[in-house]
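In order, the protein sequences belong to chains H and L. For the record, in the first sequence the residue sitting at position 167 is 167 according to the working numbering, with numbers rising by one throughout. The number in the working numbering is simply the position in the second sequence, starting from 1, with 479 added.
Just so you know, these hints were derived from the structure itself, not from any lab. There may be inaccurate statements among the hints.
Stated by the list, open to error - Only part of the chain H face toward chain L is listed, based on derived beta-carbon distances under 10 Å:
1) T155
2) G165
3) R265
4) Y459
Claimed, not checked - Taking CB as the label site, the calculated pair distances span:
5) H:T63 - L:L515: 52 to 58 Å
6) L:I920 - H:L201: 33 to 39 Å
7) L:A928 - H:T32: 32 to 38 Å
8) H:N261 - L:A928: 36 to 42 Å
9) L:A928 - H:A100: 25 to 31 Å
10) H:L28 - L:L830: 24 to 30 Å
11) H:I36 - L:I920: 22 to 28 Å
12) L:L515 - H:L42: 39 to 45 Å
13) H:Q477 - L:E896: 49 to 55 Å
14) H:V454 - L:T817: 28 to 34 Å
15) L:M598 - H:S59: 33 to 39 Å
It should be emphasised that the depicted structure is a prediction, and the values quoted were computed from it without experimental measurement. Think of the CB as a built atom: it goes at the ideal place given N, C-alpha and C, for glycine as much as any other residue.
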Amino acid sequence: MIPVLLILVPLVCGLITFFIKEEKTAKLWSLTGSVITLLIALIGVTTMKGSNLLTYDASWIPTLGTRFTVGLDGMGKILTLLTAVAFPIIFGATYQNKYASPNAFYGLMLLSQAGLMGVFLSMDMLLFYFFWEFALIPVYFLCSKWGGEKRIAVTWKFFIYTFAGSLLMLVGILYLYTLTPDQSFAIASVHNLSLTSSQELFIFWTLFIAFAIKMPVFPFHTWQPDTYEQSPTAVTMVLSGVMVKMGVFAVLRWLLPVVPNASLRMADVVIIISIIGMIYASLIAIKQDDIKRLIAYSSIAHIGLMSAAMFANNATATQGVMLQMFSHGINVIGLWIVADVIEQQLGTRKFSELGGLAQKAPALAILFVVMSLANIALPLTNSFIGEFMMFNGLFQYNYWMAGIAGISIILAAVYTLWMIQKIFYGEVRGAVSGAMEVTTNTKLMLVILVVLVVVFGVYPKPLINITNDNPAKIVAQLK
Amino acid sequence: MNTIIVSAILGVVMMFSGIFIHNKAAFKNIAIAGLLLLLGINIAENYGYLLFKVDTKGMLHFERFGLLFNIIAIAATLLFTLLSGRDVEKVGNYTAEYFALIFFILCGVGIVTSYTNLMMLFIGIEIISIPAYILTGTDKRNLKSNEASLKYFLMGAFSTGIMLMGITLLYGTNGTFMVERAGATFPISYLEAMGLLLLFISLSFKVSLAPFHFWTPDVYDGAPTVFTSFMATVVKIAGFAAFIRLIESRYGSMGSQTDRLVAIVIILTLAFGNLTAVFQQSVKRMLAYSSIAQAGFMMFALFALNDTGKEGLILYAAAYCLATLGIFAVLIKMEDGTFEGFNGLSKSQPLLAAVLTICLLSLAGIPLTAGFFAKYYMLAAVVKTGHYLWLVVIAVLFAAVSAYYYFKVIQAMYFKEGEVNFPPVTARFKYLLVAVAAVIILLGVFPNALSQFMYF
């Protein structure tokens, strides 16, 4: 029952939000809705494995062999938790922002949450495809309506890119369906297929391109920096904090176990393009003069590492990916919140016009520095353990590749510290002189994030426990 | 049989009512009543109640598939009349005649969904085409309308000639007009192959498949927009009903020989339709090209020729008619038919904009709309055959291209600033459009609602 509620609560709340004309009520309502979702997700995470509460199955379109099957396993738990944590924090941190027609804005946000939940919960491949697209449409409208100057063209590129990818995935899914002995889309059927190597390769590429566009992995990443820059920051947080995890998650759930042989054969290719992407994105990040673009490229670099580690055919690395999906979500949302504060207060995102903000807003500076250190994966922050496990796994796969990938750690430190320095230290520049300390609720949200960063950095065991049984299973399929 | 006879009678009734009734608004209501009657008796026939017992000498065969197609065609006409009946009155002074022609077209539809004899196919196609030529030219004082009508007529006459030649060749080699040929041997003679090819070409003309599609944009653009809406939906899907019956019973047994031909036609159609639609300035022309592209997708049913394909064709026809009629109903009322004309429509008419968005999403094949399952069935039908996977990959890439031009309208409505002078619309019009959107979404979540009536 819990999975159904996780989809239904944001969906219904979102639909109701469309009809709330008053801005304050709409905000409060959507915040309440997302908090309720968070509570349900927490119940889901703490429910023991094997409980009836964690699965739900109903007839949907019998003639097509697809059922409405949803379920929470370890990997699902950690991502639904991330989705559920992200939305209240996003709503809280951007509570002061003014939007034209707020009812539509918050309604679409909650609809996208429902879509995301569905993606992470589906145990039926056609249902998964449904939610995959369902999550995209609200985001398309959000970015095109409330984004920056070039929003229409940029969102357009993003949409066509991902839509083309999804359609390719549909072909792959259809092909898989015809190959299943019982003509069904159920996860058990597609996970236990034995295919010829040419069939596997065909399916691998149709699915992988769709997932790679979503993540995004080099060379499919070109939509991402522009979209992150032009979207309203609340939506950027959804995109980079939660939505890109759809791609990573999809590889772990619907690619590696389904076409293990092709995945092993193509592992080298994927890891190499991922590493190229990491280094390339890090180098570009160093050159950026815009906070949002810098975070966008840094995000590509981090996702690149996850995508490389997933294909390393190693349980430790896979475990690391799962942890990192959660940690990266938390960290990147924190960075975006600060970027949003700066943009809203000072009206600029350019480093060349910023400087000395620490003197004006010391608390913000401290919180931002902690988030940034987490972005570099310093020990005692949450992403350290995940990145360590991923590199560990990559080393076991091939130490040359791991070594080259390791360069990105240094580059990450370069651009992140450079960003801190430019924004918070040095002389107070013109735009900054009028800056004030941030509002209490934004500070509160950042404090919550920082607490999460430190707690899971020092004691990651609960997170590891949640996802304990998935990595071994995935790797066992690959053997 | 019910449909064919009753629609012909209704056509005559409509024509005479033009003499006796002088109130323009009455014709629409008579037409609606007639269509409801037609729908009722067609559904009755579906359950085995026949009004007339006619010996067709085996030239017509009524089965579930054809009857379902009739229901869709009649329901689409009904929806068309309800949504755009007012606009039919504005075209010219002969409202009764326009509706009479529409009933005659439905009579033709009844024939082409159930023929088993090539002569009946010919008669049916002609009964559909000739009223369509006239409807195209109804805007008498408009040069574009005249040109379109003449063009349509010449092209149509040309393709009819080709069809007759094909039928002649088939008759010459087989000695029968029946579509199905018992005891066919392979390889078939050159004359017979030529006959089949000519028949294929002429029907490709009728449903505007590339490279025989050149008349479509001009005719759709020149015709009064109300009738474009009718031709792009009912006339088009009727052509497909005729086509699939022919291919199923005649070409189907020939296997891979026709596969290649159909595959080439599909790729050409998708390429021409989609790529040209991208560059259109006028929404009406864009819809004309998009109807070509959608025809390319419908061809998959004819390519795969399995139950999934047939079931899908019904769903596709329904989804396509619903969405296209919805879009046209709004487009007819627009002063400026270009993409810029739609700028800012969401501000002045939020409800209409939302419905249009759902219709466009459905045409683009986004999940949660009927269009998704329509496309899904088509792709599934081909994937099930196990061959030609590359054809499916090409098709989905073109589907992504189609999103490009459909979303241009959505972008204009929602994200661009502009003033739209939209004429006031009645509450009933709005409710109807909302109902259309609701049905599109319902079919998008539970496609079984429609297809469970079918057991082939």
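Tested hints:
With a cut of 10 Å, the hint placing H:T155 at the interface with chain L holds, because the nearest CB-to-CB distance is about 9 Å. The beta carbon of H:G165 comes within 9 Å of a beta carbon in chain L, closer than 10 Å, and the hint placing it at the interface holds. For the restraint placing H:R265 at the interface with chain L, the shortest Cβ-Cβ distance is roughly 19 Å, beyond the 10 Å limit, so the hint is violated. Nearest Cβ of chain L to the Cβ of H:Y459: about 41 Å, over the 10 Å cut. The hint is violated.
The given range of 52 to 58 Å is broken by H:T63 and L:L515, whose C-beta atoms sit roughly 30 Å from each other. Roughly 37 Å separates the CB atoms of L:I920 and H:L201, a value that falls within the hinted 33 to 39 Å. About 35 Å separates the C-beta atoms of L:A928 and H:T32, a value consistent with the hinted range of 32 to 38 Å. For H:N261 and L:A928, the hinted distance range of 36 to 42 Å is satisfied, since their beta carbons lie about 40 Å from each other.
Hint check: L:A928 to H:A100, Cβ distance near 38 Å, so the stated range 25 to 31 Å is violated. Taken as a hint, the range 24 to 30 Å holds for the pair H:L28 and L:L830, whose Cβ atoms sit roughly 27 Å apart. Roughly 26 Å separates the CB atoms of H:I36 and L:I920, a value that falls within the hinted 22 to 28 Å. Distance hint check for L:L515 and H:L42: the Cβ-Cβ separation is about 55 Å, which falls outside the suggested range of 39 to 45 Å.
Take H:Q477 and L:E896: their Cβ atoms lie about 53 Å apart, and the range 49 to 55 Å holds. For H:V454 paired with L:T817, a C-beta distance near 58 Å fails the hint of 28 to 34 Å. Roughly 47 Å separates the CB atoms of L:M598 and H:S59, a value that falls outside the hinted 33 to 39 Å.
The structure does not agree with the numbered hints 3, 4, 5, 9, 12, 14 and 15 stated previously, though it agrees with the rest.
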